[in-house]
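A.B. asks: Those sequence lines, one after another, are chains C and G.
Letter by letter, the first sequence follows residues 1 to 390 in the numbering used here.
Letter by letter, the second sequence follows residues 1 to 390 in the numbering used here.
Simulated from the structure, these hints should not be mistaken for laboratory data.
Mixed in with the good hints, there may be bad ones.
Copies of the same chain look alike in the list, so a pair counts if it works inside one copy or between any two.
[Claimed, not checked] Okay, derived cross-link-like pairs now, SDA-like style, lysine to any residue, Cα gap no bigger than 20 Å in a straight line: (1) Lys240 <-> Ala252; (2) Lys153 <-> Met1; (3) Lys327 <-> Ser253; (4) Lys327 <-> Ala82; (5) Lys153 <-> Ile384; (6) Lys58 <-> Ser325; (7) Lys327 <-> Pro317; (8) Lys24 <-> Ala141; (9) Lys327 <-> Glu115; (10) Lys58 <-> Val335; (11) Lys58 <-> Glu326; (12) Lys327 <-> Arg47.
Number of protein chains: 2
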Amino acid sequence: MSVTFAQGFSAAGVAAGISSVEGKKDLALVVNNGPLDAAAGVFTSNRFCAAPVQWSRKQVADGHVKAVILNSGGANACTGVAGYAQSRATAEKVAALVGTEPEDVAVCSTGLIGELLPLDNVLAGAETAYRALAATPEAGADASHAIMTTDTKPKTVELESSNGWRIGGMVKGSGMIAPQLATMLCVITTDAVVTAGQMQAALAVATEHSFNRIDVDGCMSTNDTVLLLASGASGVEPDKDEFNRLVRQACASLARQIIGDGEGASHDIRITVTGATSEDAALACGRAVAASNLLKCAISGNDPNWGRIVSSLGTVPPEVAPYDSEKVTVDVNGVRICENGGAGRDRSEVDMTPREVHIDIDLNAGDAEATVWTDDLTHEYVHINADYES
Amino acid sequence: MSVTFAQGFSAAGVAAGISSVEGKKDLALVVNNGPLDAAAGVFTSNRFCAAPVQWSRKQVADGHVKAVILNSGGANACTGVAGYAQSRATAEKVAALVGTEPEDVAVCSTGLIGELLPLDNVLAGAETAYRALAATPEAGADASHAIMTTDTKPKTVELESSNGWRIGGMVKGSGMIAPQLATMLCVITTDAVVTAGQMQAALAVATEHSFNRIDVDGCMSTNDTVLLLASGASGVEPDKDEFNRLVRQACASLARQIIGDGEGASHDIRITVTGATSEDAALACGRAVAASNLLKCAISGNDPNWGRIVSSLGTVPPEVAPYDSEKVTVDVNGVRICENGGAGRDRSEVDMTPREVHIDIDLNAGDAEATVWTDDLTHEYVHINADYES
Chain C
1 MSVTFAQGFS AAGVAAGISS VEGKKDLALV VNNGPLDAAA GVFTSNRFCA
51 APVQWSRKQV ADGHVKAVIL NSGGANACTG VAGYAQSRAT AEKVAALVGT
101 EPEDVAVCST GLIGELLPLD NVLAGAETAY RALAATPEAG ADASHAIMTT
151 DTKPKTVELE SSNGWRIGGM VKGSGMIAPQ LATMLCVITT DAVVTAGQMQ
201 AALAVATEHS FNRIDVDGCM STNDTVLLLA SGASGVEPDK DEFNRLVRQA
251 CASLARQIIG DGEGASHDIR ITVTGATSED AALACGRAVA ASNLLKCAIS
301 GNDPNWGRIV SSLGTVPPEV APYDSEKVTV DVNGVRICEN GGAGRDRSEV
351 DMTPREVHID IDLNAGDAEA TVWTDDLTHE YVHINADYES
Chain G
1 MSVTFAQGFS AAGVAAGISS VEGKKDLALV VNNGPLDAAA GVFTSNRFCA
51 APVQWSRKQV ADGHVKAVIL NSGGANACTG VAGYAQSRAT AEKVAALVGT
101 EPEDVAVCST GLIGELLPLD NVLAGAETAY RALAATPEAG ADASHAIMTT
151 DTKPKTVELE SSNGWRIGGM VKGSGMIAPQ LATMLCVITT DAVVTAGQMQ
201 AALAVATEHS FNRIDVDGCM STNDTVLLLA SGASGVEPDK DEFNRLVRQA
251 CASLARQIIG DGEGASHDIR ITVTGATSED AALACGRAVA ASNLLKCAIS
301 GNDPNWGRIV SSLGTVPPEV APYDSEKVTV DVNGVRICEN GGAGRDRSEV
351 DMTPREVHID IDLNAGDAEA TVWTDDLTHE YVHINADYES
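Full structure from sequences and hints, please.
C.D. replies: Here it is in structure tokens:
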């Protein structure tokens with residue numbers, strides 16, 4: 001289903017010979033058939049942002065995008081003027097095919113940093129993808145496969161509102177995942193009748209509460225892109241609150257799927273910090289715990305090591321998150337193994353067999369809370385990232 | 001040699017039955033026989049600091065320490081009032097043995113967080129250690145062995161000044177190593193005639209440029225302690241600059257040895273950032289690169305992955321480190337594989353066989369520089385930390 005679940009969108013995913021994996025689908029095309037072409041976008045804050053990010057950020061700024069072309073097999077990052085020319089040439093090709101201006105075409109790339117793309121393959125692939133465009137579930141699924149890199153499965157979302165308008169979406173991302181954003185490309189489509197301004201506001205909030213609160217490995221990518229496109233094909237103007245809620249729900253679902261497919265992960269770890277003096281304080285504590293390699297290793301060994309949780313909490317400066325270390329409690333999978341900053345119930349009581357691990361930290365300092373997600377750190381993560389060609 | 005290299009110090013290292021490893025030396029005692037008992041200390045900034053840190057920080061504050069007792073096999077961290085009482089009881093025992101006040105005894109512990117120590121074993125071990133005290137190289141070596149946990153080798157330093165006064169030292173630390181400080185216990189001794197104030201100033205600068213610039217795994221400990229003790233036994237008042245320089249050199253040597261023994265590490269990575277607008281800017285960039293799990297995995301796979309270097313650099317906010325991403329160069333082991341923010345010479349030219357890997361980053365934005373050290377991230381690191389009992 002993916003991006004074609006919303007009316008007014010066609011998609012394709014084809015093998016264009018960009019990826020080093022023979023025959024892998026590596027080029028996706030998503031076309032907004034209207035009547036609207038409203039768009040919003042959120043991009044990486046990495047200062048070495050890739051050529052396609054530079055291109056797309058500029059084109060999305062006016063709130064109009066007619067088509068998005070995405071490739072795996074190469075990030076086109078740190079490629080200078082030549083890389084930017086490749087993104088532009090790709091947009092020009094798609095524009096000619098679908099009958100629009102290059103300025104209404106967004107470009108997304110993911111893969112190795114520092115190398116130019118095989119442009120001939122990209123341009124020929126764009127033609128193949130254009131011919132394969134369809135509004136079918138299969139075409140949406142093909143697109144979601146074509147953007148995968150170290151992902152082991154496609155990640156999609158489909159939501160239907162109370163009065164018939166829809167949201168569809170796809171994301172790729174598995175490693176180099178950290179706030180802000182992640183090594184991820186995400187396209188969300190809707191057939192609601194909405195303005196670009198309304199979409200940008202909804203997307204900013206949704207991203208802040210989803211993609212910006214997951215952390216696989218603390219590494220921020222050069223290529224992160226989240227696009228939201230509206231066709232208006234349902235003819236329905238959504239209730240504003242419901243629109244915001246469903247965009248947020250779509251992002252949350254896709255972000256959760258990224259954690260579920262984190263490189264080499266054997267546990268998905270949900271860290272909820274309550275009792276904080278502010279949401280920022282709760283978030284800072286959650287992120288500090290999520291970033292602990294020692295804790296992530298312990299979880300991969302099925303050890304609910306609360307010492308590694310509190311020692312990470314202890315690195316957050318008091319001015320960022322005021323709390324009294326002797327009042328902190330930590331529950332892992334519902335067992336309070338740390339009470340008043342010291343040992344609580346025996347950690348042997350904790351059942352670590354489920355894939356999902358819940359760490360609930362109560363700072364007992366206020367009423368604010370926040371949740372972040374991370375993965376455990378496994379032999380397989382090291383294997384993937386020691387042996388993945390740069 | 002270790003701490004007994006300086007005149008006026010005796011030491012011992014004994015097996016006291018604290019460690020879960022049968023027969024392992026796990027208790028060290030260092031006694032300052034004077035005539036001076038001047039002392040300085042630097043401690044973890046972790047808010048969950050351990051009971052021995054709370055005790056020792058208070059006792060060192062007046063600039064006098066007569067003896068230090070250190071144990072491996074248990075951190076006595078997150079152990080509340082009962083843990084603090086253990087540190088106090090340990091200090092009282094040592095004070096009675098060596099004939100001083102408990103307030104002149106520092107206590108250091110390392111090992112598992114969240115459990116009380118077997119106090120009877122600690123107190124009996126203190127007696128054994130007291131009887132074994134000697135000013136010999138062997139006694140110093142025993143002490144340096146007794147503080148080891150996941151360390152694979154003892155780490156010591158011996159320096160002699162131009163006019164005969166000496167510095168000796170020992171450190172333990174292998175994992176949970178990150179600025180500020182590391183999971184490390186360090187005792188440095190000198191027979192120079194110096195004041196506590198002079199020592200504190202020298203130690204603060206030396207720590208900032210050594211232990212605070214190494215990062216094995218981004219995890220800050222609850223127990224980090226660096227102590228500097230002066231006996232004055234040489235009778236020599238050192239040149240102030242030489243004293244500062246040798247303290248700094250001792251800390252640098254011990255910090256470098258920690259990196260050389262980082263948990264599971266197969267490469268020691270030196271990251272030098274030059275051309276920064278300030279030392280703080282250079283340091284922020286160096287630390288961002290040192291913290292990248294993706295880069296550390298790549299290095300363990302002998303891949304000089306400059307994309308992962310610049311994408312880490314790109315996460316440092318412009319207000320912290322102003323630079324133009326298109327002017328950045330990166331050399332790995334002397335080969336400029338990134339030029340003007342893009343691909344430079346082919347990475348196949350880089351010889352990755354040496355254990356020591358040099359990453360030289362030129363921001364081309366100013367004249368300041370800084371160096372940080374880290375280790376690569378290996379299967380063995382995950383193994384150690386997934387299977388090490390909490």
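A.B. asks: None of the hints should be skipped; say for each whether it holds.
C.D. replies: So, going through the hints one by one against the coordinates:
Within a single copy, Lys240 and Ala252 get their C-alpha atoms as close as 18 Å, which meets the 20 Å cut-off; across copies the closest is 60 Å, which misses it. For a Cα distance limit of 20 Å, the shortest separation of Lys153 from Met1 inside one copy, 14 Å, qualifies, whereas the shortest one across copies, 57 Å, does not. Proximity of Lys327 to Ser253 under the C-alpha cut-off of 20 Å is found in neither arrangement, the shortest distances being 34 Å within a copy and 39 Å between copies. In this assembly of identical chains, Lys327 and Ala82 lie within 20 Å of each other by CA distance solely across copies; the values are 16 Å between and 57 Å within a copy.
Taking the shortest alpha-carbon separations for Lys153 and Ile384, only the intra-copy value of 16 Å comes in at or below 20 Å, while the best inter-copy value is 30 Å. In this homomeric assembly, Lys58 and Ser325 come within 20 Å of each other (Cα to Cα) only across copies, at 19 Å, whereas the closest approach inside a single copy is 47 Å. In the homo-oligomer, the alpha carbons of Lys327 and Pro317 lie at most 20 Å apart inside one protomer (16 Å), although the nearest pairing across protomers, at 34 Å, exceeds that limit. Taking identical chains as interchangeable, the C-alpha atoms of Lys24 and Ala141 lie at most 20 Å apart only when both belong to the same chain, with a minimum of 14 Å there against 59 Å between chains.
Taking the closest pair of Cα atoms, Lys327 and Glu115 come within 20 Å of each other only across two copies (18 Å); inside a single copy the shortest separation is 52 Å, beyond that limit. With identical chains, the CA atoms of Lys58 and Val335 are never at most 20 Å apart, being 50 Å at best within one copy and 35 Å at best between copies. When the C-alpha separation of Lys58 and Glu326 is checked against a cutoff of 20 Å, the pair qualifies only between copies, where the shortest distance is 19 Å, while the shortest distance within a copy is 50 Å. For a Cα distance limit of 20 Å, the shortest separation of Lys327 from Arg47 across copies, 12 Å, qualifies, whereas the shortest one inside one copy, 40 Å, does not.
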